[in-house]
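Student: What follows is the residue order along each chain.
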Amino acid sequence: MDALNQLFHGFGVALSPQNLAFVFLGVLMGTVIGMLPGLGPISAISLMIPVAFTMDPTSAIIMLAGVYYGAIFGGSTSSILLNAPGVAGTVATSFDGYPLARKGQAGKALSVAAIASFVGGTVGVVGLMLVAPSLSALTVSFGPAEYFALMVLGLTAVVTLSGNNLTKGLISGTVGVMIALVGIDSQTSTLRFTFGRHELYEGVEFLIVALGVFALAEVFVMLLRRGQGGGDGTITSLRLSRRELKEISGPTGRGSVLGFFTGVLPGAGATVASFLSYSFEKRLAKDGKTFGKGNIKGVAAPESANNGAAVGSFVPLLTLGVPGSGTTAVLLGALLVLGVQPGPLLLDEQPDMFWGVVASMYIGNIVLLILNLPLIPLFAKVLKTPQALLLPLVVVFCVVGVYGHSFSTFDLWMLIGFGVLGFLMRANGFPAAPLILGLILGGLMEKSMRQALLISSGDLTTFVTKPISATLLALAALSLLAPLYGAWRRTRRRQGLSEDDGRGQDEQPKATVGGTQERENG
Amino acid sequence: MFRAGRRGSRAAVAAVAAGSVSLLLAACGEGAGAASGGGDWKPTKPIEYVAPANTGGGWDTLARSSARVLDKAGLVNRPMRVVNKPGAGGAIGWSYIAKHQKDPHKLFVTSPPILLVPLAGESGQTYRDFTPVARLNTEPLAYVVKADSPFKTFEDLAAKLKADPGKVSVAGGSGPGSLDHVGLAGAVQAAGADASKVKYVPFDGGGEALTSLLGGHTDVAVAGGSEVQALVRSGDVRALAVSSEKRSPILPDTPTLAESGIDYVFDIWRGVMAPKGLTEEQIAYYEKAFEKMVEHDSWKKESKKLGWTNSYLGSEEFGKFLDEQNKEYAGILTEVGLRK
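Protein chains in written order, with the numbering used here: chain A, 7 to 528; chain B, 1281 to 1620.
In short, the hints are calculated from the structure, not lab data. Heads up, some of the hints might be wrong.
As the list claims (entries may be wrong) - Taking CB as the label site, the calculated pair distances span:
1. K1379(B) / V38(A): 33 to 43 Å
2. N1590(B) / H15(A): 33 to 43 Å
3. E1608(B) / L144(A): 37 to 47 Å
4. V38(A) / D1383(B): 50 to 60 Å
5. I474(A) / D1543(B): 34 to 44 Å
6. D1533(B) / H15(A): 32 to 42 Å
7. T194(A) / G1404(B): 20 to 30 Å
Said to hold, decoys possible - Listed below are the simulated SDA-like cross-link pairs for lysine to any residue, each with C-alpha atoms no more than 25 Å apart in a straight line:
8. K295(A) / T497(A)
9. K1581(B) / L486(A)
10. K1581(B) / L484(A)
11. K109(A) / P380(A)
12. K1556(B) / P380(A)
13. K1432(B) / L351(A)
14. K1386(B) / K1432(B)
Unchecked claim - Negatives, chain A to chain B, calculated, CB over 10 Å:
15. F30
16. R108
17. P150
18. L197
19. Y207
20. S247
21. G273
22. K295
23. L326
24. V328
25. P348
26. K387
27. L395
28. L397
29. N434
30. K453
Small disclaimer: the values here were computed from a predicted structure and weren't measured. We put the CB at the ideal spot given by N, CA and C, even for glycine.
Assemble the whole structure, with the sequences as input and the hints as a guide.
Tutor: Written as C-alpha cells, this is what we have:
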C-alpha cells in the first residue's frame, strides 16, 4: 500500500499543469519523430536535450521519458505504412503490418499497433511501480553466460521467420551474423573485415541494413512492377470487431509481460523483445502459417513487447544507475547534467522524482493513445499518395535517416548496397527477416560467449552449469526439436493412415510432406 | 531537416538563456575580450566545436557543457557550434580536423583515446597532428568490488593477482588496450604482478561492467569514479582505490593507490585541441577563454554534477603532459602485448 500512497503523491507531481504540459510535449515530439523512418528515440532525445537542460530536473525527466516511449509508440507507423522501420524495435512490426497495409487494412494495423503499444506501455509502468526495486536482482542475474543462452534462444526464431524455405532462411540468418562481425572486435580490439575503412571500425549500423533490405528493396520491387499490385489505397474501417479484439488480447498480454522482463535486462532491450514475442506467438497461434502475410496478431505481439521493454529499461537506469540500452545511456547522460544521480538511493532520496516519472508514464500512455487513434485515418491516407510521389519520398526519408545518424556519405553508399542486396534476396526467395535477426543477435551472442569463456578460463560447461543459462539453452533446444518431433509424428500417423486408407485426410498429409522436406533440407 | 531542426532549437535555447542573464554577462564578455588583448586575434565566424562521438557520450557531454558555459558567459565573441563526428573510436573526427590545418575556427574535445587509439594502430593521426589548447579536468578510475567480496584493500587484490591471476576476472567498460584496461594494467604492474596475465573482461561501457560485477559474474570492475559514485554511496560496491594522485572529491573515503602502497597515478583527463598550424595569437585567444571558463561558477557547478575535478593546463603544459602520457601508455601497452 505504501507504493500506492507514493504513486498518488507521484500523480500529484505529474498532474501539475507544468508537468502535464511537458508530458504532452514529450510524447508529441517523440511520436512525431519516431514516425519518421530512420529517426529513432536516440535522435528524438538528443533533439530535446537542449530544451530539457533549461528545465527543472523532474519536469525534464518526465519530458525526456515521454520522448522515449513516444518514439517507440510512433515508430510502428512507418513500419506499417512504408515498410521502413523508424526504430530497431519496430522491425518485427513490419512483418505483418506492411502486408496488412498492402491489403488495404492499414487503418486496422495502425489501430492494433496503437492499442498493443498502449497495453504494453501500461503493463510496463505497473511493473515498474510494483517490482522495480526487487527487479534489479533480475537485471544483475544475467551475466555473459546467460546472455549467450538468451541470444541462442532468440536465434532459434530464424526457423519461424524463414517462411517456407528453411535452408534459405538459415543462409540469410548466417549472412546477418557475418555482417555483425564487421568492425573492431570488442574482446581483442582487432579489426575485422574493415578493409582499411574507418567508417567500418564501429561495425555496420543496424538501421542502415534494416532500411536497405526492407524499405529500399521494397521501392525497387515496386519500381519493377511499375506501380501495379500495390495497395489500391482503400482504407477499411478502423474499428476492430469484437472478435478481432479478442484475438489480439492474448498476444498483447503475453507480449507486454515478455517485453517488460526483457527490457529489464541491460543490452537485450526492445528489439530482442519484439522478435522473441513475434516468433513465440507465431508458434503458439493456430493460424501461424498466416503470420508474415498480414495477421493482426503479428502486429500486436511485437508492438506490445517493444513498448513494455521501453518502460522496462527504466528499471536498471533508475534503480542501479546503469543504462540498459543506447537510448537510456543518452538519458543517463542528460540526468547527470541535470544533477540527478540515478542509483539504488534514488528511490529513497528523491521519491518525488521517481514516483512523478512513474505517474507521468501512465498519463503519457493515455495521451499517446488519444493522440494517435484519431490521426490514424490521416496517416493511412499516406498510402493514397500516387506512387510516383510516394516512392521518392520513401527514398528521401531513408537517406535523411541514415545521414542524420552519422553525417557520413559512406553510410549512404552502404544503404544503397543493402537495398540492392535486399532486392536480390527478394527476387531469389531469400527472406530478409532472418538476416536482420542474425545481425541483431549475432554480435551480442559472440561477445557474451567470449566473455563467458574468458571468465571461466575456457571451460564450456559454464553454459550448462548456471541454472538460468541451462534453462534458456534447454528452451532453445526444445523449440528446435519440437517441430521436428511434430513432423515425425505426423509422418508416422500418415503412414499408419495410408495403410488403412486415409481418404478425407488429404489436407494434412500434404502439408506434412512439405514440412518434412523443408526440415530435411535444413 | 534533422540538422536544421536541431540548430533551430539550440538557437532558441541559447536565446532564452542569453535573455535571462544578458546584461550582466554582456559586460563580462567585453571584459574578457579586452583581457585577451595580447595578440588581438578574434574569431570572425562561429566556431565549429567537434565531439568525435555520438550524442550522449562523454565527449559530447564535455563539448556541450563547455560550449554552453563559453557562450553564456560571453568568453568567446562568436557562438560555439557543437558538431558530432562519430565513428572509429574518434578517428573519423580526428581525420576531419586534420583536413583543416590552420583553420582557427575549429576545435575538438579530447581525452586519453587520442593517445591510445593511435598507439593501437587504429588511427591515421596521432596527437602530434593537432595543437593542444587546454586540459580542463581530470577524473580518477576506481577499482571496485562487490560489498561481500573478500578483497578489502587494493593490496589484497594485488596479492591475489600475483599469486593466482587466473582466479580473478576484472570487468572493464572498454576494449583491450583502451582506457580502463591501461589504467588497470598500469596499477597491477606497479604492484609487482604480471599485467599480461590478468583476466580482463571487456564490456560495452562502465554500466555493463558494473552490472556484471553486481551479479557476481566478475570479481572486480574498473570504471570511472563518477560511474561508481552512486553504487559506492548506497553500499552495493566497495571502492578499493582510486587512481588519482590525491583523494578524489567524488569518492572522498576511498584511498589512492599511493596510500595503498602502489606508486602509480592514472587520470582520465579531458581537454581541448585545435588543428595543426594555429598562430600563437589564435592559441592564446582560446587558452584565455578556457582558463576563464574553468573558473566560472556555472562551469564549477556543472563539473560537480558530472564528477569532474578542475585541473587546468595551458597549451604548452598540456603539450608536455601529452608527451609524458604517451610515453607511459606506450610502455604499458607494450607490456600487455597490444602495442602496434
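Student: Could you check the structure against the hints above and give me the numbers of any it violates, in ascending order?
Tutor: 4, 9, 10, 12, 14, 17, 18, 19, 21, 23, 24, 25, 30
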